Every structure is written in C-alpha cells, then in structure tokens.
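**Student:** Could you build the full structure based on these sequences and the hints that come with them?
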Amino acid sequence: MEKQILVLQLKEQIIKQLKLDDKKPEDIGDNDPLFVEGLGLDSIDALELIVLLQQEYNIKLKNAEEGQDVFRSINTMADYILTHGNA
Amino acid sequence: MQQDDLYITGSVIVRNGSFYKNGNLFWETKTDEEFLNNAYTNLGLNYPKFYKMDALGKLGILSSDLLLRDIPYQHYQPFETGIVLSNRHASIEADAKYFHSVSEIPSPALFVYTLPNIVIGEISIRYKFKGENAFFVKESFDPDWLTFYISDLLNNQSLHACMGGWLEVANGEYEAFIFYIEKIKRTGSLNFAPQNLEQLFRK
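So the protein sequences, as listed, match chains L and U.
For the first sequence, position 75 matches number 75 in the working numbering, and the numbering has no gaps at all.
For the second sequence, position 42 matches number 42 in the working numbering, and the numbering has no gaps at all.
The reader is advised that the hints may include incorrect statements.
20 angstroms max Cα-Cα, derived SDA-like pairs, lysine to any residue [claimed, not checked]:
(1) K16/L - E104/U
(2) K138/U - P194/U
(3) K21/U - T187/U
(4) K24/L - T41/U
(5) K16/L - A109/U
(6) K23/L - E37/L
(7) K138/U - A55/U
(8) K49/U - E37/L
(9) K128/U - F79/U
(10) K16/L - E34/U
(11) K16/L - N38/U
(12) K23/L - Y51/U
(13) K16/L - P106/U
(14) K19/L - K21/U
(15) K16/L - F35/L
(16) K52/U - A46/L
(17) K203/U - T29/U
(18) K49/U - D27/L
Stretch-level coverage of chain L by chain U, calculated; a stretch enters the list once three of its residues show a Cβ under 8 angstroms from a Cβ in chain U [unchecked claim]:
(19) 11-22
(20) 45-51
The set of hints was computed from the structure by calculation and includes no laboratory data.
This one's a predicted model, so the numbers in the text were calculated from it and none came from an experiment.
All residues carry an ideal CB built from backbone N, CA and C; glycine is no exception.
**Tutor:** In structure tokens:
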C-alpha cells in the first residue's frame, strides 16, 4: 500500500477507534504529536492504538517502550506498519 | 427528616427526551440512539472528551452542565464540593458492550466504564470537584437515603456543597434527576428534605 493512502486510512481509523467525533482526517497533521500537545490522546487511547494495530494490521508491539516511538505521529505509525505489517 | 440549614438550590431532570431545569422545560427531542450526542450539540457543550464516554458518563455530563451553568460552584474550594449519585442498573450498558468486545480483542476504552462511579470521576474532572463522593445502587430512587447521606457529609464532614441524584441508563432508556445542595439559600431554593426531593423527582 502507498504510504499516502495508508496515512489517510490511519487517520480515519484513529478517529473511529478513539471516538474523536469532533475531528476530521484533515485536522490531523501527518507529523503532529498524537499525545499531549498534539491530538491530546491519553493512556487509554494508547492502549486502543495497540488494539487498532492488532485488529487492522495484525501487528503486536513487542514491548511498551516501542510504543513511544511508533505512536509519535501518524507518519511514524505508517512507517512502522509498512515495515512490520501486511499493509 | 428535614435539614433546615441545607437547601436544594438547583435541579435538573432528563426524562423521555426532555430536559427540565428547576422544573421548567429547557429542551426536548426524540430519544433515538443519537439522543445524547444531539443533546450535546443542542445544549452547546464544548467538551470533546464527551464522545469517548459511555452513555452513563454522557448523561452525567449533560445533566451536570445544565445544572451548574447558573450556579456559582467555583465559589467553593475543590475539596468542599462532593457528589453522591445512585441508580438501579449500575453500569449495565457499558458492562454488556465490554462483554461483547471480549469475543474479539477486549477494548480498554470500554473496560474503563464498567463501574457506575466512573461517571462521578468524569464530572469531577470537568468541574474540578475533589470532595467526598459515593455511588449507590438502589432498587429505586431513595430520597430518604440521599437526604441522610448528603446531610451527614455537609453537617459533619468538610463539604459545603454537594451534587446528588439519580442517573439511570438501561435498555436504551435514559433518566436523570440531579440536584445541588448548599448551606445557603438562593432564589427559588427549597429545604433539603425527602418530600421535596420526591416532589421534584415525580414532576
């Protein structure tokens, strides 16, 4: 899958999975931080992102520390999926 | 039992798609599956975390917003305001949704709502209340118990104000009756007494 398509798909999946009903894909920058000052996600959202990777891309994170780099932005998530998943 | 020095200074009822503030109809709509989200938009709330909540949390936030928008609750210190709520079916809707999600991958976001007192946490976070709180599961609305328990918190503990009431979500139906108790009298306030709570609840 092309990265550009994956990035858009990820934004739509995150909005749905995390119930960000007040957001649209275009509101989320590819390099915006997902946590704190960016999208403002919290620790429960982090767990939901792990579930999303597993459900949609059959990817299981090896350890929690890995998540800090993977979930930095939409771009870092897409890169991880392209190198570790079946996208 | 009547507490002469405690007053009901505001109340909100949500029932059959209608929102009542201090006994007056504030807004009404049909009760379909978008009822709570439509109410969020029409009541003019701006709290995006609302969308993540379960139905009980949403009902609590909506009714609290309507109750507190005319009450100067910031007058009290965070530790001086408490919350005491009750209902019959606890967190049954969230419990059922989580139970169904377990057949695939359990959802952490659903799991966190599988206790009825989580709604108290949501209200406390929004309004920065840090006083005593409790959630009681009762067969039906119990004005005697609520009067007894809240009066004790206000008379013998550190509280100066307390939100109390009944917050029920079950079988797709929503019912809320919440009220605000203070030690000072305001325009239109009633003595904090079971018969007054019962009268407001049955309105």
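**Student:** The structure should be examined with respect to each hint, and the outcome stated for every one.
**Tutor:** Against the structure, the hints:
1. K16/L - E104/U: holds, 17 angstroms
2. K138/U - P194/U: Holds, at roughly 16 angstroms.
3. K21/U - T187/U: The given pair, whose Cα atoms are some 14 angstroms apart, holds under the 20 angstroms limit.
4. K24/L - T41/U: holds, 17 angstroms
5. K16/L - A109/U: Measuring from Cα to Cα gives roughly 12 angstroms; hence the hint holds.
6. K23/L - E37/L: holds, 15 angstroms
7. K138/U - A55/U: holds, 19 angstroms
8. K49/U - E37/L: Status holds; Cα separation ~15 angstroms.
9. K128/U - F79/U: holds, 9 angstroms
10. K16/L - E34/U: holds, 16 angstroms
11. K16/L - N38/U: holds, 18 angstroms
12. K23/L - Y51/U: Holds, at roughly 11 angstroms.
13. K16/L - P106/U: holds, 16 angstroms
14. K19/L - K21/U: violated, 29 angstroms
15. K16/L - F35/L: holds, 17 angstroms
16. K52/U - A46/L: Holds - the C-alpha atoms of A46/L and K52/U are around 14 angstroms apart, at most 20 angstroms.
17. K203/U - T29/U: holds, 18 angstroms
18. K49/U - D27/L: holds, 16 angstroms
19. 11-22: Per the Cβ count (5), the hint holds.
20. 45-51: This one holds; 4 residues, not fewer than the three required, reach chain U with a Cβ under 8 angstroms.
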